[in-house]
Amino acid sequence: MEKYKMHILICGGTGCRASASEAIQNNLQDAIKAKGLEDEVQVVMTGCFGFCEKGPIVKILPDNTFYVEVKPEDAEELIEEHIIKGRKVMRLLYVDPENKETISDSKHMGFYKKQIRIALRNCGFINPENVDEYIARDGYAALGKCLAEMTPQTVIDEIKESGLRGRGGGGFPTGLKWEFAAKNEADQKYVVCNADEGDPGAFMDRSILEGDPHSVLEAMAICGYTMGADKGVIYIRAEYPLAITRLKVAIKQAREYGLLGNDILGSGFNFDVEMRYGAGAFVCGEETALIHSMEGLRGEPTVKPPFPAESGYNGKPTNVNNVETFANIPVIINKGASWFNKIGSEKSKGTKVFALAGKINNVGLIEVPMGTTLREVIYEIGGGIKDGKKFKAVQTGGPSGGCLTEKHLDTPIDFDNLIAAGSMMGSGGMIVMDEDDCMVSMAKFYLEFTVEESCGKCTPCRVGNKRLHELLDKITLGNGTREDLDLLRNLSTVIKDTSLCGLGQTSPNPVLSTLENFYDEYISHVEDHKCAAGQCKALMQYVIDPELCVGCTLCSRNCPVDCIAGERKEAHVIDASKCIKCGACMEKCKFNAISIQ
Amino acid sequence: MAKIKLAKSKVDKLVEICKSFDNEGSELINVLHKAQETFGYLPAEVQEIIARELNVSVAHVYGVVTFYSFFSMVPKGEFPISICMGTACYVRGAEKVLEEFKRQLSVPVGETTEDGKFSISCLRCVGACGLAPVVTIGERVYGRVSAGDVADIIKEYQK
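Sequence order for the protein chains is A and B. Here the first sequence stands for residues 51 to 647, numbered as in our numbering. Here the second sequence stands for residues 853 to 1011, numbered as in our numbering.
Keep in mind that the hints are not guaranteed to be accurate.
[As the list claims (entries may be wrong)] Derived BS3-like pairs: lysine-lysine, alpha-carbon spacing no greater than 25 Å straight-line: (1) B:954 - A:631; (2) A:210 - A:281; (3) A:210 - A:440; (4) A:298 - B:886; (5) A:281 - B:886; (6) B:928 - B:1007; (7) A:195 - A:135; (8) A:281 - B:871; (9) A:135 - A:85; (10) A:53 - A:164; (11) A:121 - A:164; (12) A:397 - A:281; (13) A:638 - A:440; (14) A:354 - A:121; (15) B:886 - A:302; (16) A:121 - A:195; (17) A:638 - B:928; (18) A:281 - A:233; (19) B:954 - B:860; (20) B:871 - A:298; (21) A:195 - A:210; (22) A:638 - B:860; (23) A:516 - B:954; (24) A:210 - A:397; (25) B:928 - A:628; (26) A:436 - A:121; (27) A:354 - A:281; (28) A:436 - A:457; (29) B:928 - A:631; (30) B:871 - A:524.
[As the list claims (entries may be wrong)] Partner residues are not named here, just some residues of chain B that face chain A (Cβ under 10 Å, in silico): (31) 859; (32) 908; (33) 910.
Calculated from the structure, these hints are not laboratory results. Each residue gets a CB set at the ideal place from its N, CA and C atoms; glycine is no exception.
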């Protein structure tokens, strides 16, 4: 990178690309060419910066200026002003929503201040399609160190001492898992990377693969060295085309550099990686199901034991870790277990990446030390609730997790505390909800997901979740009774206790946690037939306040079923019998005259 | 389901795909991915040929095709509309957007309009949660979509 005087980094994550970051890149390059600066300024498309809310992001080095919400047409001005005249383009800088101050360096922004980036260390810094940039940031140094200076057992001991636990949801100690796989003798063993990120609302694994694919390849090779495996397989969702492309490029480059393949770095150790594609099944995140899917079968889980460490892919000892877990490994080897285990809480070491989304001001990908409180995440990093609304709940752990409330805000986030609070870490999805979200509907939403994704192999999950969903549906339609609430609770417990795999064992969590924390809301649905959040269509009605309506006709023109009547400049009326409750009128009304009753 | 007759060139293409994976039964999912890429969907006839070539039962192939949501046995529309139903999009109103698409095009999820132009499907999280709710049509991504925008979006493709 040193040949250039200035570097312009553009976020090439999926979110920013959807907002035309490629066009920005092209325009910047054109503008640079027009000014004859090709030899001095380099434009690099990097992985995700994390601050998706303000995307597309453009960062200029060496002065670390962080531009937000950049549009393709801003490119010329950026080159003219910033690069040539050395003046920052003020209108594209981030403005602190609290004190209205303009901030140009990301490290002073509330969103980044509390973050420590280990797994995401290179995302937004390097060009993921250039192995040299990864190497320049200590890439493959850990693999070299392992092969040259450490025995497989000392590597395992280092990982054990670091306290690293699986980041895919289970939280099982990684070093221990490696040790099991290492102890089983076999002629062939496998290292598998689980990149089947199915939790809706979680996109950390994809961002790591898109922004820093080599970190995963390096860690897989290290894992292969410890357990005596020469084959690695990445099982990735077919829905992640960009991550697949970047991985393919990375594998090719690593082979060319002798970092994958035979006799790596002259050590005599052989290791190569291939890819397998998922085809859209949430249950394939479970390791036995994932292995069956890799074998070309339906992705159904099987009873453990035998664990994959004994009999996994093709019946051979197999170690499965998730993307984020792998991304931590090179740093632990380079900086040492004692550095890593100082970060985090007593039983959960290191950091965790969360995908912060929902009704929050700063949607994005964050990485914080374990033990950070929900309040810090939601208010300091997340910038609080959107549109000044009231915080209601935060859902962690996706469809397997639960909703946490106001009273949990000061709970330090780690594996054990989240379970004690009735939720779980999961893969790190964190969805914030406000007063307009109905918790019964939320539980129903998750059950809909589980019903669709249940593989059907065991009865409690296949049939039980379906019955749970029907009960919730009945309640949101206003036909529920108090007995139904007891039934919900009982059935949930049975499903948890009797299901075969992690999917069924956790799928009732959204129901149980909302019953526990929002029982009043369930009661008002079944007894008063009211949905305070105004989300349950059957229980609500749109009305126009004649005092506030000015008769602009905007609502009636936008009503898809023509159920709003009224003359110009006179108050309008909604015909409740024809209304399909789509909410288009309320959305269009500029006078706040339409409300839900 | 109506039977279709595959042209010989297409049969040859399928045989070739299977061969590129050494006619290995364990490569079934990879073969299906390639076949769907080529044909757009996986009708019964395609599955029968794959079963024959890989020397597995048609029931096994059908079992795998129907297990995974990525595989489809019906052709998608010329402009496949996907509404993200990930949690982040859901809490920001994706359901209303979906309802509006269904209503305006008069087709349920998973089906294609009679003229073959549009099909509607739901997907789980494209990872652009900052733009929620998200709708994709082909390669194009629409962010921060509301029910009120639906008519305009459809219009873009009706010319």
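Results for each hint:
Distance hint between residue 954 of chain B and residue 631 of chain A is fulfilled; the C-alpha atoms sit about 14 Å from each other, no more than 25 Å. Annotation: proposed proximity of residue 210 of chain A to residue 281 of chain A holds, straight-line Cα distance about 23 Å (limit 25 Å). Between residue 210 of chain A and residue 440 of chain A, the direct Cα distance comes to roughly 42 Å. Violation of the 25 Å bound is thereby established for this hinted pair. Restraint check for residue 298 of chain A and residue 886 of chain B: satisfied, since their Cα atoms lie roughly 17 Å apart, inside the 25 Å limit.
As the CA atoms of residue 281 of chain A and residue 886 of chain B are separated by approximately 24 Å, the hinted pair is consistent with the 25 Å bound. For the hint linking residue 928 of chain B to residue 1007 of chain B, the alpha-carbon distance of about 19 Å falls within 25 Å, and the restraint holds. Using a Cα cut-off of 25 Å, the hinted pair residue 195 of chain A and residue 135 of chain A is violated, with the two alpha carbons roughly 45 Å apart. This hinted pair checks out: residue 281 of chain A and residue 871 of chain B have alpha carbons roughly 23 Å apart, not beyond 25 Å.
Simply put, residue 135 of chain A and residue 85 of chain A have alpha-carbon atoms about 12 Å apart, close enough for the 25 Å limit, and the pair holds. Straight-line distance between C-alpha atoms of residue 53 of chain A and residue 164 of chain A comes to about 33 Å, which puts the hinted pair past the 25 Å bound. Proximity of residue 121 of chain A to residue 164 of chain A is assessed by CA-CA distance (about 28 Å); at most 25 Å being required, the pair is judged violated. For the hint linking residue 397 of chain A to residue 281 of chain A, the alpha-carbon distance of about 32 Å lies beyond 25 Å, and the restraint is violated.
In summary, the hint linking residue 638 of chain A to residue 440 of chain A is supported, as the alpha carbons are separated by about 23 Å, within the 25 Å threshold. With a CA separation close to 52 Å, the supplied pair residue 354 of chain A and residue 121 of chain A exceeds the 25 Å bound. Among the hinted pairs, residue 886 of chain B with residue 302 of chain A is consistent with the structure: their alpha-carbon atoms are about 21 Å apart, no more than 25 Å. With a CA separation close to 44 Å, the supplied pair residue 121 of chain A and residue 195 of chain A exceeds the 25 Å bound.
Under the criterion of a C-alpha separation no larger than 25 Å, the hint pairing residue 638 of chain A with residue 928 of chain B is inconsistent with the structure, at around 33 Å. As the CA atoms of residue 281 of chain A and residue 233 of chain A are separated by approximately 17 Å, the hinted pair is consistent with the 25 Å bound. Between residue 954 of chain B and residue 860 of chain B, the direct Cα distance comes to roughly 37 Å. Violation of the 25 Å bound is thereby established for this hinted pair. A threshold of 25 Å between alpha carbons decides the hint, and for residue 871 of chain B with residue 298 of chain A the separation of about 22 Å falls inside it, so the pair holds.
For the proposed pair residue 195 of chain A and residue 210 of chain A, the alpha carbon gap of about 17 Å is at most 25 Å, so the pair holds. Taking the CA atoms of residue 638 of chain A and residue 860 of chain B, the gap is about 55 Å. The hint is violated against a cut of 25 Å. Restraint check for residue 516 of chain A and residue 954 of chain B: satisfied, since their Cα atoms lie roughly 24 Å apart, inside the 25 Å limit. Only pairs whose Cα atoms come within 25 Å are accepted, and residue 210 of chain A paired with residue 397 of chain A is accepted, the gap being roughly 12 Å.
At roughly 32 Å between alpha-carbon atoms, residue 928 of chain B and residue 628 of chain A are farther apart than 25 Å, so this suggested pair is violated. Between residue 436 of chain A and residue 121 of chain A the CA atoms are separated by roughly 23 Å; this keeps the pair inside 25 Å, and the hint holds. Distance check on the hinted pair: residue 354 of chain A and residue 281 of chain A sit about 23 Å apart at the alpha-carbon level, within 25 Å; holds. Taking the CA atoms of residue 436 of chain A and residue 457 of chain A, the gap is about 20 Å. The hint holds against a cut of 25 Å.
Of the pairs offered as hints, the one joining residue 928 of chain B and residue 631 of chain A is violated, with about 29 Å between alpha carbons and a cut-off of 25 Å exceeded. A threshold of 25 Å between alpha carbons decides the hint, and for residue 871 of chain B with residue 524 of chain A the separation of about 52 Å lies outside it, so the pair is violated. Contact between residue 859 of chain B and chain A, as hinted, is not supported at the beta carbon level, the nearest pair being about 26 Å apart and thus beyond 10 Å. Satisfaction of the interface hint for residue 908 of chain B is found here, the shortest Cβ-Cβ separation to chain A being roughly 9 Å, below the 10 Å cut-off.
About 15 Å separates the beta-carbon of residue 910 of chain B from the nearest beta-carbon of chain A, more than 10 Å, and the hint is not met.
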